[in-house]
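Please work from the sequences and hints to get the whole structure.
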Amino acid sequence: GAVVSQHPSWVICKSGTSVKIECRSLDFQATTMFWYRQFPKQSLMLMATSNEGSKATYEQGVEKDKFLINHASLTLSTLTVTSAHPEDSSFYICSARSRFSGELFFGEGSRLTVL
Amino acid sequence: SQQGEEDPQALSIQEGENATMNCSYKTSINNLQWYRQNSGRGLVHLILIRSNEREKHSGRLRVTLDTSKKSSSLLITASRAADTASYFCASGTSYGKLTFGQGTILTVHP
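Quick mapping for you: the protein sequence lines, in order, are chains L and R. This note's numbering applies: residue 1460 is where the first sequence begins, and numbers increase by one. This note's numbering applies: residue 268 is where the second sequence begins, and numbers increase by one.
Check the hints yourself; a few may be wrong.
16 Å max Cα-Cα, derived EDC-like pairs, lysine to aspartate or glutamate [unchecked claim]:
#, chain 1, residue 1, chain 2, residue 2
1, R, 364, L, 1524
2, L, 1500, L, 1511
3, L, 1500, L, 1546
4, L, 1500, R, 272
5, R, 293, R, 274
6, L, 1479, L, 1562
7, R, 337, R, 274
8, R, 364, L, 1546
9, L, 1473, L, 1546
Note that these hints are calculated values from the structure, not bench results. All figures in this text were calculated on a predicted structure; none of them were measured in a lab.
This is the structure in structure tokens:
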């Protein structure tokens, strides 16, 4: 089946630094990718919708200057957490929608810990 | 919050028993999906039911959808210890945006 790869799978960083997480569709093209955040023992919350070649659409309450999303190609979207703080520690999961079938595929997630 | 609700929040059963989880959502949908998540891991897609369908089966899974009540249920029959996980419903739009429910933590005791 189709595979979505997220990298890194886990990252630890110091407060104030920026962290980039990649979401890559390995064997299909994705016109749309979605970024979710999941805090411990909670559900997934949609952060933003990323469309190839255009600006991301952010959900209410998500700071677009803090969570920079770039979807420069049909197989790659990146989420950059700028000036990360401990409260940004979370599990970040992306999903990619196949350009041809419309099916959704999820990445394995990236666990961010900010010290 | 736009998130749907799931009940129960936690369910503990013995192996071989059936497990039923319920989900309610708030807006009109194109489809309703169920996912499984083992602790600290990614999501595993279980089943998708479209808004014009009422019931769907896949192996030991049975999903129902009542759009008039904006609710869905997931039944796992003959549960196994390996079914222990968190289960999430997600209401979906036609372009792929999902709104997740709060999840049910299922524990199946051997």
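Against the structure, the hints come out as follows:
Proposed proximity of residue 364 of chain R and residue 1524 of chain L is contradicted: the alpha carbons are some 22 Å apart, above 16 Å. With a C-alpha separation of about 32 Å, the suggested pairing of residue 1500 of chain L with residue 1511 of chain L is violated against the 16 Å cut-off. Distance restraint check for residue 1500 of chain L and residue 1546 of chain L: the Cα-Cα separation of roughly 15 Å lies within the 16 Å cut-off, and the hinted pair is therefore satisfied. In summary, the hint linking residue 1500 of chain L to residue 272 of chain R is supported, as the alpha carbons are separated by about 15 Å, within the 16 Å threshold.
Our distance criterion of 16 Å between C-alpha atoms is met by residue 293 of chain R and residue 274 of chain R, whose separation comes to about 15 Å. Proposed proximity of residue 1479 of chain L and residue 1562 of chain L is contradicted: the alpha carbons are some 26 Å apart, above 16 Å. This hinted pair checks out: residue 337 of chain R and residue 274 of chain R have alpha carbons roughly 14 Å apart, not beyond 16 Å. The suggested pairing of residue 364 of chain R with residue 1546 of chain L is violated, with an alpha-carbon distance near 25 Å, which exceeds 16 Å.
Restraint check: the Cα-Cα separation between residue 1473 of chain L and residue 1546 of chain L comes to about 12 Å, which is no more than 16 Å; the hinted pair holds.
Of the numbered hints given earlier, the model fails hints 1, 2, 6 and 8; all others are met.
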